[in-house]
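The listed protein sequences correspond, in order, to chains G and F.
Whatever position you read off the first sequence (first residue = 1), add 163 for this note's numbering.
Whatever position you read off the second sequence (first residue = 1), add 1352 for this note's numbering.
These are computed hints drawn from the structure, not numbers from a lab.
This one's a predicted model, so the numbers in the text were calculated from it and none came from an experiment.
Incorrect hints may appear among the rest.
[Stated by the list, open to error] Derived pair list, reagent style PhoX-like, types lysine-lysine, alpha-carbon separation capped at 25 Å:
| hint | chain 1 | residue 1 | chain 2 | residue 2 |
| --- | --- | --- | --- | --- |
| 1 | G | Lys350 | F | Lys1632 |
| 2 | F | Lys1662 | F | Lys1790 |
| 3 | F | Lys1598 | G | Lys300 |
| 4 | F | Lys1746 | F | Lys1632 |
| 5 | G | Lys350 | F | Lys1355 |
| 6 | F | Lys1355 | F | Lys1376 |
| 7 | G | Lys350 | F | Lys1598 |
| 8 | F | Lys1570 | G | Lys300 |
| 9 | F | Lys1567 | F | Lys1600 |
| 10 | G | Lys300 | F | Lys1355 |
| 11 | G | Lys350 | F | Lys1462 |
| 12 | F | Lys1570 | F | Lys1517 |
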Amino acid sequence: MATNRNLKARPKATPSRIQENIRTAKAIVDQKIVANDLLHVAETEELGLSDLPNGNISVPLNIWLENKSDLISRDSVVAVQIAADEDPEDLANDFSDVEIVVLPFVTHADGRSYSHAHKLRERYGFKGQIRAIGDVKFDQLDFLTRVGCNAFELPESENLETALQAFEEFSEVYQPAADGGRLIFSKRRAIH
Amino acid sequence: MYKYDAVDKTIVSERVEQFRDQVKRHLAGELSAADLQPLRLRNGLYMQIHAHMLRVSIPYGLVSSEQMRTLAYIARKYDRGYGHFTTRQNIQYNWPELADVPDILEDLSKVEMHAIQTSGNCIRNISSDQYAGVATDEIIDPRPYCEIIRQWSTLHPEFYWLPRKFKIAITGATTDRAAVQFHDIGLEVVHNDQQEIGFRVYVGGGLGRTPVIGKVIKEFLPREDILSYCEAILRVYNLHGRRDNKYKARIKILVNAMGIDAFREEVESEWAHFMDGELKLHATDFETMAGFFPAPAYEALESGDSRVQKWRELDTRFRDWYDNNTADHRQAGYRIVNVSLKEHGIAPGDATDAQMDAIANIAEQYSFAEIRTTHEQNLVLADVREQDLLDVWKALDEHRLATPNIGSVNDMICCPGLDFCSLANASSISIAKQINEKFSDFQELYDIGEVKLKMSGCMNACGHHHVGHIGVLGVDKKGEEWYQLTVGGDASNEAALGARLGPAIAKDDVGEAVSSILHVYREQRQDDERLLDTFRRVGVDPFKEKVYAEQA
Chain G
164 MATNRNLKAR
174 PKATPSRIQE
184 NIRTAKAIVD
194 QKIVANDLLH
204 VAETEELGLS
214 DLPNGNISVP
224 LNIWLENKSD
234 LISRDSVVAV
244 QIAADEDPED
254 LANDFSDVEI
264 VVLPFVTHAD
274 GRSYSHAHKL
284 RERYGFKGQI
294 RAIGDVKFDQ
304 LDFLTRVGCN
314 AFELPESENL
324 ETALQAFEEF
334 SEVYQPAADG
344 GRLIFSKRRA
354 IH
Chain F
1353 MYKYDAVDKT
1363 IVSERVEQFR
1373 DQVKRHLAGE
1383 LSAADLQPLR
1393 LRNGLYMQIH
1403 AHMLRVSIPY
1413 GLVSSEQMRT
1423 LAYIARKYDR
1433 GYGHFTTRQN
1443 IQYNWPELAD
1453 VPDILEDLSK
1463 VEMHAIQTSG
1473 NCIRNISSDQ
1483 YAGVATDEII
1493 DPRPYCEIIR
1503 QWSTLHPEFY
1513 WLPRKFKIAI
1523 TGATTDRAAV
1533 QFHDIGLEVV
1543 HNDQQEIGFR
1553 VYVGGGLGRT
1563 PVIGKVIKEF
1573 LPREDILSYC
1583 EAILRVYNLH
1593 GRRDNKYKAR
1603 IKILVNAMGI
1613 DAFREEVESE
1623 WAHFMDGELK
1633 LHATDFETMA
1643 GFFPAPAYEA
1653 LESGDSRVQK
1663 WRELDTRFRD
1673 WYDNNTADHR
1683 QAGYRIVNVS
1693 LKEHGIAPGD
1703 ATDAQMDAIA
1713 NIAEQYSFAE
1723 IRTTHEQNLV
1733 LADVREQDLL
1743 DVWKALDEHR
1753 LATPNIGSVN
1763 DMICCPGLDF
1773 CSLANASSIS
1783 IAKQINEKFS
1793 DFQELYDIGE
1803 VKLKMSGCMN
1813 ACGHHHVGHI
1823 GVLGVDKKGE
1833 EWYQLTVGGD
1843 ASNEAALGAR
1853 LGPAIAKDDV
1863 GEAVSSILHV
1873 YREQRQDDER
1883 LLDTFRRVGV
1893 DPFKEKVYAE
1903 QA
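Given the sequences, and given the hints that come with them, work out the whole structure.
Next up, the structure:
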């Protein structure tokens, strides 16, 4: 059920996509606070290659699919967004070129991107960075990490120092996941 | 029953600390009420009309005497001296203070209990057969499978923000007491032709605004594959379930929209990617888990006890209780005792702290210190020696827990309704009282026999009215409480939704309407037909005519 095979029929600017460009001054990468210069370009009807700003940017999936070689030849990081209603399968042939996959959360309650992260790591073996942006806060960081995200941009109102504690909350898990967690029953098998 | 190991203990106590920190950040103004809301929900904490409500998980309805004492203590210390047992086999407290909830959760964790995922759009408490392990019609004990699925689903990182809540039920008996065809996933533990154990898997059943009977997605799933197959179903649902309208967001809507065949194809192709991966279970996993649910140390006894038989002849109250509230046990010399939480005049499913303590003591003395909760909002002492029945009856009776009405029209399922719930359109507890008063003559009740009356105060159907032999649904009509009646619903194997009788009925007339339905039944029944059987034979019309003739 790959939703967006036909790019012409692809709905733009749905409520599942970010509506405005996002740039935050700091990010959490591999559980450390770092300076950030990645600008996430929102998808609009008119947006084309020539409209893209200079510097490090992440682009919507359709811009990537239509302009791969141009984007690769830019002197900047290659980062592609997969919105909640898109399918990581559409990037399946491109993982050697893409350095960062960005998962934008319009609302933290939309859990589809957790399955996207899972598929990126477990099914497609994506080794690059997976970055969650948008409505992502302290209390989502732990489970996002478990499914495979290793970078986060939080709203400016959030205290990043405090948010780092989210990675320390649980020392045991029940399920296998992209963070190396194992199924509790296989762990118990090893003990017995 | 299952005992936590170090991993379970760590997870539950770290969860308590996590919530303590969330509440602290909220009270300090660092975490907004809006951001706290989904987090508290995933710890069972709701905001209701008057106060917070805390729902505590009782996995597949199994609770020890020690745990029951903690539930009593919480009712006494943090609430108003009672708790409410729910149709999901859990318990709810109606009056806790937000600031106390971390302490309540800590008290619970000390007896291996929690409130994780008792609310929110995630995988909820696994429910099962209250007679598991003791039923005469059981093929396979479902409890080890319940616990395996409980652990896998607890804090599952990928399925914590689903389109809507997700409920799983498991049965292992010929008679389905867990309503598996009315769950998002329903599992029936079965043998295949080679005597291997596996599951018949139903998907997309549910009640609520759009009642749907679950469809078979897989006739036989080997038990080794239960976790990976559930994961495949959940992933398809997480990605494709509707998120634009919460009333269309349950998996049943997706399954209906796609059709069961297309849905199955999608699940199978998802499953193919990882079916032989780490989620595959081993024979040792089942053996280890089954080791937590051994048959208790039964004594070798003969069936039938002369003292009990004598008292049945001498004391009609004891006889009524024995005949209605106890059931056959697979072990000779033992019976199953149902503890009625449907004393007349009390909100169905409510128990006081003193009653909970009493049940804990009685279970400890007479039933291996174990109690079960039922989705019909009663309790069960599963392993009582026949020779102890008289003592157990007296002890229960002393605490008003021996009302001999199990399975009768007075043993109704009922949601909290307008008295507590912020969703409700109409009161249900007052209707329960009205019906109780109508049927105060127990001999009449017994003559009527098995009637499952289920009542919800709004169309969200927490009281399961669609599957009541008689269903009562509260609706709001221009600010007044009215009630819509259905007849012929069935939550068990021959799953059926009730037929609507006609226009809604005024509040004061509900008891009379129920009377009319039962009057028609008594006139028309043949041989030993139950209400449900008579309805299936004669259809809805005779009931409709009588009820609306009375109303006219």
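Now for the hints, and whether the structure bears them out:
1. G:Lys350 with F:Lys1632: holds (13 Å)
2. F:Lys1662 with F:Lys1790: The given pair, whose Cα atoms are some 32 Å apart, is violated under the 25 Å limit.
3. F:Lys1598 with G:Lys300: Distance of about 23 Å is within 25 Å: holds.
4. F:Lys1746 with F:Lys1632: violated (49 Å)
5. G:Lys350 with F:Lys1355: Holds: lysine 350 of chain G and lysine 1355 of chain F sit about 17 Å apart, inside 25 Å.
6. F:Lys1355 with F:Lys1376: violated (31 Å)
7. G:Lys350 with F:Lys1598: violated (38 Å)
8. F:Lys1570 with G:Lys300: Violated, at roughly 39 Å.
9. F:Lys1567 with F:Lys1600: Answer holds: lysine 1567 of chain F to lysine 1600 of chain F is near 18 Å, not above 25 Å.
10. G:Lys300 with F:Lys1355: violated (34 Å)
11. G:Lys350 with F:Lys1462: holds (24 Å)
12. F:Lys1570 with F:Lys1517: holds (22 Å)
Against the hints set out earlier in the document, violations occur for numbers 2, 4, 6, 7, 8 and 10.
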